[in-house]
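Going down the list, the sequences are from chains A and B. For the first sequence, my numbering begins at 2 and goes up steadily by one. For the second sequence, my numbering begins at 242 and goes up steadily by one.
Since the hints were made in silico from the structure, they are not lab data. The beta carbon of each residue, even a glycine, is placed where N, CA and C say it ideally should be. Hints may be right or wrong, so weigh each one.
[Stated by the list, open to error] Pair ranges (Cβ atoms, derived):
1) B:S402 x A:C10: 47 to 57 Å
2) A:T446 x B:R291: 23 to 33 Å
3) A:Q438 x B:L390: 21 to 31 Å
4) A:V248 x B:D295: 47 to 57 Å
5) A:I437 x B:L390: 14 to 24 Å
6) B:E328 x A:R96: 48 to 58 Å
7) B:S402 x A:N7: 57 to 67 Å
8) B:I341 x A:E431: 21 to 31 Å
9) B:T392 x A:D416: 32 to 42 Å
10) B:A322 x A:Y383: 55 to 65 Å
11) B:S402 x A:F14: 55 to 65 Å
12) A:G403 x B:K359: 23 to 33 Å
[Unchecked claim] Within a straight-line C-alpha distance of at most 25 Å, the following computed SDA-like cross-link-like pairs (lysine to any residue) qualify:
13) B:K292 x A:Q438
14) B:K292 x A:P434
15) A:K412 x B:Q311
16) B:K292 x A:H413
17) A:K412 x B:D254
18) A:K381 x A:L415
19) B:K292 x A:R424
20) A:K412 x B:I283
21) A:K273 x A:A74
22) A:K441 x B:D421
23) B:K292 x A:P425
24) A:K441 x B:F299
25) B:K292 x A:L415
26) A:K412 x B:T262
27) B:K359 x A:L415
28) B:K292 x A:H417
29) B:K329 x A:G410
30) B:K292 x A:R430
31) A:K483 x A:P107
32) B:K292 x A:L427
33) B:K292 x A:P136
34) B:K359 x A:F408
35) A:K441 x B:D426
36) A:K412 x B:Q250
37) A:K412 x B:G290
38) A:K60 x A:E218
39) A:K381 x B:E297
40) A:K412 x B:R316
Each chain, written out:
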Amino acid sequence: MDTGTNTVCTPHFRLLEPNQIERFHHAALRVLEEVGVQVLHKEAVDLLAGHGARVSNGKTVRIPAFLVEDAIASAPSNVLIFDRNGSPAMELGGRRSYFGTGTDLPRTVDLHTREIRDTMEEDIVLSVRISDALPNLDFIGSYGLPRDVPPGLHYIRNAQILMQGSTKPIFFTAESEQDLRVILDMAEALAGGAEALARRPFLINYSEPVSPLTHSEEAVAKLMLCSRNRIPINYTPAMLAGSTGPVTLSGAITVATAEALSGLVIHQLTQKGSPIISGFAATSMDMLKATVSYTSPEFRLTHSACADLFHHYGIPVWGTAGCSDAQYPDLQSGAEYGFTLLNAALDGANLIHDCGYMGQGFVASPEMLVFADEVIAYVKRYMRGFALDPDHLALDVIRNVGPGGHFLGEKHTLDHFRSEHWRPGLFNRENLPNWIQAGKQTLDTRLIDRTREILARHEPCPISDTAREALSRIWDETKARKGDR
Amino acid sequence: MGIMEDIHQAVVDGNVDAASTGVQSALSSKIDADEILNQALIPAMDLVGRKFGDGEYFIPQVLWAAKAMQGGMERLRPHFAEGRETEKGRIIIGTAKGDIHDIGKNLVGMMLEGAGFKIVDLGVDVDSTRFVEAAQAEKGQIIAISALLTTTMPTMEDVVSLVRERGLSTKVMVGGAPLDQAFCDEIGADAYGTDAVDAVRKAREILGV
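Turn these sequences into a full structure, and let the hints guide you.
Spelled out as structure tokens, the structure:
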């Protein structure tokens, strides 16, 4: 018996030492106590004041450490997300990583013309069909802002398309509290009521405070609505180091942590134990172009720090990866997708969204969803590591083959090659003569072909007629109401 | 399932024991050896080849299917009529002089065996004379030479010259990472295989089997 050897070898990565986590935590607590946050929502300000926060000018709230510690303690450390049919789909907690698409892309690389143009409703439909087919995408984001849907109805239309088009969990944005209420009505119609939806939520709202240190009225309204209804919400600030946050990464991490934790306090004071996915984005603003990098090395560093902090807090943590600053699928996007996806998995982030993003979060590309899926498959294999038990150590086989022999014909090879070796679905491993013979196809064209193939072939699990009608009814009512305004 | 289906399945599954005992019991039930070969073993290997081509089967599975096929053939061979040809052709194989990288050669050899060729493996670091003499002694129809190092490629040209010099009908097939069709044409070899699967295809082509 060997009890001293761990028989599975897996990649490990931590950025922060325990004493560094403590340093950041204390610094964030000081920001909340000494500087405070602006809360532009009357009910939330009163709630905070009622629990011991100090309020000045009716909106600047200084939050004592004990309220933060209480919120960290009462927030669930594991959030279960279900699929549309009520089966468990994601267990957001620990270092379990799930991958999915993002939201709100105004432009799209057209799959056929290759032009970058406005995102349309049809693009949302296609993105849902593709994402539904891709085995490594665990959840589906609301993706884009369709130009051909009247303003004010985007989010509701997207939610309807997502609910109809896939059983996978939904990650969605909403314009306002009223929007969110309509989308929850739709979800409740599918789940069989508010109580059933809260018990088996299949959707996660995404909302964010505004850096530095400001919780807008709409963001707080959505935060409180989700909390009251026990609907999971991902509430994370998106800070730009050097403009909306300190230029130094430690400073940015401190302020962003204070923003995330103050959101957590409002959320938990509204309804203790309600599910939340927390964390923060703190990337760098490009000081020459004044653009927001989705993939800067600084962003990856703050992403790792964020994961370490929230793992320490025991609160499910947001992540972002599989995205690119490049406008168009190219070598840059390949490198950025690879680095970010591997990094997010090594960080052990739980809800890793934005897969398929191009153009600094402004441009969608259907084939890059397919590309992200391939890279995620690679990353998953890497993260699985390898076994180190006697069978995998293979001493008997090594002895049997001996010097100068080969392992191709060994039973051991036959038994293990499938589980031990990852096989690419799209990356080229053809040798040169065969590749030339097959027409010298490169990944960019292969991706487009595969994407078209998926769109032609994939049939998502159909939604029931009654469910479809319920969604249509809510959509029609909302459209009529908003149109009247 | 009938006995013939059992044999077919054993080969497809790469189950050497089941293929061997299956053939034995088929012979015991007085099924004709040719029938066993043509209706169970060969169709099974054809199916395995198709599965490999479709990306459903991988190299280790093909090799084990080939082993199962061989297991069955060993039982069958004594039962064939006198002079009955049971092999598709005989191939002398080895790595070129100066090259001891033999995994490519082994892989090609096993794939050829799986396809029904008889393989005479000369191993590694084989000079041109040994290749040609083995072909003469063993009645080899093809000499297959593998090289990984560019410095060992001249051996291939020497083999071609020697075969022509001695007026042999033996074909010369070459393969390996640094090679291409242009090199094959340049030295006057009969075929170049881009990989192990292509090697089997080319061997069939040049022997017309």
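Mind listing which of the numbered hints don't hold for this structure, in increasing order? none
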